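**Student:** Fit chain B to the supplied structure of chain A, relying on the hints for placement.
Protein chains: 2
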Amino acid sequence: MDAEIISVGTELLLGQTTNTNAQYLSKELSDLGINVYFQTTVGDNESRLKKIFIKALDRSDIIIFTGGLGPTQDDITKEVVAKVLGLELIFNTDILNSMDDVFRQKGLEMSKNNEKQALIPKGAIYIENNYGTAPGIYIQKDDKTIILLPGPPKEMGPMVREFVLPKLRETFKCGIIKSKILRFAGIGESALEEAISDIIKNQSNPTIAPLAKEDGVTLRITAKAQTVERASAIIDPVVSLIKGRVGNYIYSYDNKSIQDVVGELLLKNKKTISLAESCTGGYVTHLLTNVPGISAVFDRSIISYSNTSKLEDLNVPLNVINDYGAVSENTAILMASGIRGLSKTDFGVGITGIAGPSGGSAEKPVGLVFIALSSKSGDLCERHLFSGDRETIKKRASRAVFNLIWRNISK
Amino acid sequence: MDAEIISVGTELLLGQTTNTNAQYLSKELSDLGINVYFQTTVGDNESRLKKIFIKALDRSDIIIFTGGLGPTQDDITKEVVAKVLGLELIFNTDILNSMDDVFRQKGLEMSKNNEKQALIPKGAIYIENNYGTAPGIYIQKDDKTIILLPGPPKEMGPMVREFVLPKLRETFKCGIIKSKILRFAGIGESALEEAISDIIKNQSNPTIAPLAKEDGVTLRITAKAQTVERASAIIDPVVSLIKGRVGNYIYSYDNKSIQDVVGELLLKNKKTISLAESCTGGYVTHLLTNVPGISAVFDRSIISYSNTSKLEDLNVPLNVINDYGAVSENTAILMASGIRGLSKTDFGVGITGIAGPSGGSAEKPVGLVFIALSSKSGDLCERHLFSGDRETIKKRASRAVFNLIWRNISK
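Residue numbers (the working numbering), protein chains in the order written: chain A, 204 to 614; chain B, 204 to 614.
Just so you know, the hints here were simulated from the structure itself, not pulled from any lab data.
Treat the hints loosely; a few may be bogus.
Put simply, identical chains are the same to the list, so a pair is met inside one copy or across any two.
As the list claims (entries may be wrong) - Here are the simulated lysine-lysine pairs, PhoX-like style, with alpha carbons at most 25 Å apart:
#, residue 1, residue 2
1, Lys567, Lys309
2, Lys253, Lys404
3, Lys254, Lys347
4, Lys357, Lys404
5, Lys416, Lys319
A quick note: this is a predicted structure, and the numbers were derived from the prediction, not measured.
With the rest of the complex left out, here is chain A (with noise of 0.2 Å):
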């Protein structure tokens, strides 16, 4: 079974977007046992849009356009793909109606265009899109399958999940591959490698592949199978092989966030949390806000920048925060000790640092940032110093701040 992806926009070929639905696709279909044997991107232009789609029709058996299915008049994809094939555009009532729907919950009238949405091939079904206007298609012609999907990554994704890969897998009743993501918190890339290197080289099925991430080194293991339950059960014993060497470092054996991870504990174990952010500026907090059903657990924040409100709300002492500044253990400590006690939880965390680009000086660099939990069991803090631009510091201090608590919170 051979497929081929076709890029539609402008955008892309003026360097403007990144393509990362035809690495997305390329990965899923992969991973059926689909062949991709060709990426192809090409603009908002009938004629050398038809000239690709009529190779493709030659050399693949599925097609997978993206792009080019939204109101406006550049938005063409759909209306080749009907001329080439010969299909008709007919008028899909449903489609029209939910738009409508969706227009009128936002309170806006929808304008004439959009109508254009609700065009489909006949003898086409249609992909109902959760999270934008434009709706996807499928179609099944002779040995052909065609399947236009919209652009936007946040709309592609999940129809491709919930509608693309399961009609594939029925229709070509393709194998599986099955992964298991590990999630490792307190050990770098190549100690991992180092600790587990025999593992990983005497396997094929599964495949054993370590990988440094933005947010931490992570393990991913492979099987390929006929079922689900025979890949775990390829999968099953190389995990616990590898629990048993470095176990102590994994804090998510199904790839996880950390935040997630420190979420679910503390609401699993009834434990309350507040925090007092400065430097990562209100970023912890989303990232725990993230967490479905976590205001069970979380109290409130205080995003305190000013020294003023370090006093008034935290009350961190001036004449601390004067003898060892705003960035000190002894203000991080403060910090998050007074959170807990303002607001009577079982953890209080503080964060105090310099995200620069300035306020940095030879003894207190950018990057400084200190970290401290506080709880019955006492207060303790971490000094850090992360390298990068103000964002990557923010992200950087807040992944310590998670890693930090799910260290102590089984405590």
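**Tutor:** For chain B alone, kept in the frame of chain A given last:
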């Protein structure tokens, strides 16, 4: 002058790597006024690569390959190109010597398979690679220009900047392309397009392209000209025309994010701000504190998840919460005026809503968000209903907050 880009590498077709090379090259070529009409990705496969190259020779003047120049057997780009063009591959001793030097400096012996990298097609120019061993190749044959570059972006990028772009500019006497990006708040893509459809239709230089992105609607106005000054003279009158129609919705004339615009306006106007966030969970403050130097005007935020915190930290009376609900216009306004009073800032922001997935009701569904702004001119509140998952609702609400501040900051 028409160009196309051919990316070679099976890892791209497996979705293991994002193709950033195609974007980078497209952007640079487009800035030279060279049209890129196709980007194709193909695996390390002789027959398919040959077909794509022959097709490219037929339709493009400039063909740029990335990838497949390394020392291993599956690196075949150079061999296929030479074969199709009928050019003999000959050893270049300069390349061989310089590779030998690189290995010697590392105290390594060059393995035999590296020698293949010193082969170049007869009559071609080689492009030095200062960050790796595989040199690039520049071929001028008949009226076609064929450029071969290594796949790793860290090697390819400098070769493009230092050799390829200057060479193309000189050879093709390129003009330049200049773009101006306008960003909009408070108007949708289709409404914007309708409002200026006659302007869009009547233009070919500059071109005008509306684009709906997750962070709002943008308009890219792109001119081709011989000089930057000439391009500006083409773009500026069109910008004035658009400004006359929809200027009220334009928050940036140079592609700045709404949070940067708001942050800079606060700094410029010396207006201080504080925030009380509930459902956005610190995300608004995170975005605001990404603006360097914002500490001069940003005092503090309270991320107030619990009713107790709304009472204790923001002085929102419990009877208001009981009578109208924590998610209500009344609560949002009291949060905004509460934080403004406490921190004595010019602006106070209050945000309360239901980010989901649970917590919604028929009367107050998931996605309902109240956003209030308090200032000396009085208090105002907006009601929004956002769609999407928890994170999307947080992000959309945050964007609406910056829109609201922006519209009121100059009053």
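**Student:** Which numbered hints turn out to be false for this structure?
**Tutor:** The structure breaks only hint 4.
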